[in-house]
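Numbering-wise, the numbering used here comes out as the position in the sequence shown, counting from 1, plus 396.
Hints are computed from structural coordinates only; laboratory data are not their basis. There's no promise every hint is true.
Derived Cβ-Cβ restraints for the label pairs, each shown as a range [stated by the list, open to error]:
id : residue 1 : residue 2 : range
1  : 550       : 594       : 18 to 24 Å
2  : 445       : 468       : 27 to 33 Å
3  : 402       : 541       : 22 to 28 Å
4  : 466       : 596       : 25 to 31 Å
5  : 571       : 429       : 19 to 25 Å
6  : 584       : 504       : 28 to 34 Å
7  : 571       : 482       : 32 to 38 Å
8  : 531       : 508       : 20 to 26 Å
9  : 467       : 549       : 38 to 44 Å
All figures in this text were calculated on a predicted structure; none of them were measured in a lab. C-beta atoms are modelled at their ideal positions from N, C-alpha and C, and glycine is treated no differently.
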Amino acid sequence: MGWHIEGTYFENCNCDSICPCATSGLTAPADYERCQVELAFHVDTGEINGIQVGGLTVCLIGDAPQQMSDGGWKIGVLMDAAASPEQAEALGSVFGGQAGGPMAGLAPLIGEMVGMESHEINYSDDGRRHRIQVGDAVNVDVEDFVSPLDPTELGVRVSGIGFPADTLAAGTGTTATVDVFGMEWDNAGKNSFSAPFAWAA
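My request is simple: use the sequences and hints to build the entire structure.
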C-alpha cells in the first residue's frame, strides 16, 4: 500500500543565512563546526497504509558534522501527542525513512536515532511567519525574508533544492530554542527555510 502526505514545513539551523548545506545538496560545509537543526512538518492531509494522519505534526531534531554528507547524524523525533499509536507508527515509518520517499534518501546519513518522544505540539503558519512549541523542549518562531526592494512583496525564494520541497522561502529565526535528547541550542537570528510540501511513495 502506498502513502501520501501534504502540508507545510519549516526549519531553523545555526547557519548564518541561506544555509549552504541545503543550497548545495549537502556538498558545501555548514557555517559552523556542527549543524544544529530542527525541522517541523505539519500534515494537513495524508494517508499512510490506510491510516489517516491529517492534522498531525512531527518535529525532527538533528545534530550533524559540518560536512553533512559525511553522515553520522544524530536525530530525535518529537511526535504529536494527538496521534494514536497507529498514527504515530505510520508517521514514524515515513519520517524515519523506512516507508520510502524523501526521508529514505537521508536515512544512510543517520548514525544514531537518539529517541522518539510524544509531546503536545502547537504549530502555526500564516504563510510568512511559522511557529512551533513542543512542551519545554522546542520553542521556535521564524519569519520569511521580504526584501524592501521587491515591489511584489512575495519574499525571497531559493529554488532547485529538492528536499523537502523544490522551492523554499528563506528567512530567519526570531526565537529558536531547543533542549531535548541531550541536544541544546539557541538559533535565534540564524537561517530558516519554509515551504509547502507534498510527499508520496
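Structure-based check of each hint:
1. 550 to 594: 18 to 24 Å: The hint (18 to 24 Å, Cβ to Cβ) holds, given that residue 550 and residue 594 are roughly 20 Å apart.
2. 445 to 468: 27 to 33 Å: At roughly 31 Å between Cβ atoms, residue 468 and residue 445 fall inside 27 to 33 Å, so the hint holds.
3. 402 to 541: 22 to 28 Å: holds (25 Å)
4. 466 to 596: 25 to 31 Å: Hint holds: Cβ distance 29 Å, inside 25 to 31 Å.
5. 571 to 429: 19 to 25 Å: holds (23 Å)
6. 584 to 504: 28 to 34 Å: holds (32 Å)
7. 571 to 482: 32 to 38 Å: Holds, since residue 571 and residue 482 (Cβ atoms, about 33 Å apart) stay within the stated range.
8. 531 to 508: 20 to 26 Å: holds (22 Å)
9. 467 to 549: 38 to 44 Å: Because 40 Å falls inside the window, the suggested range holds.
Checked against the numbered hints above, the structure violates none of them.
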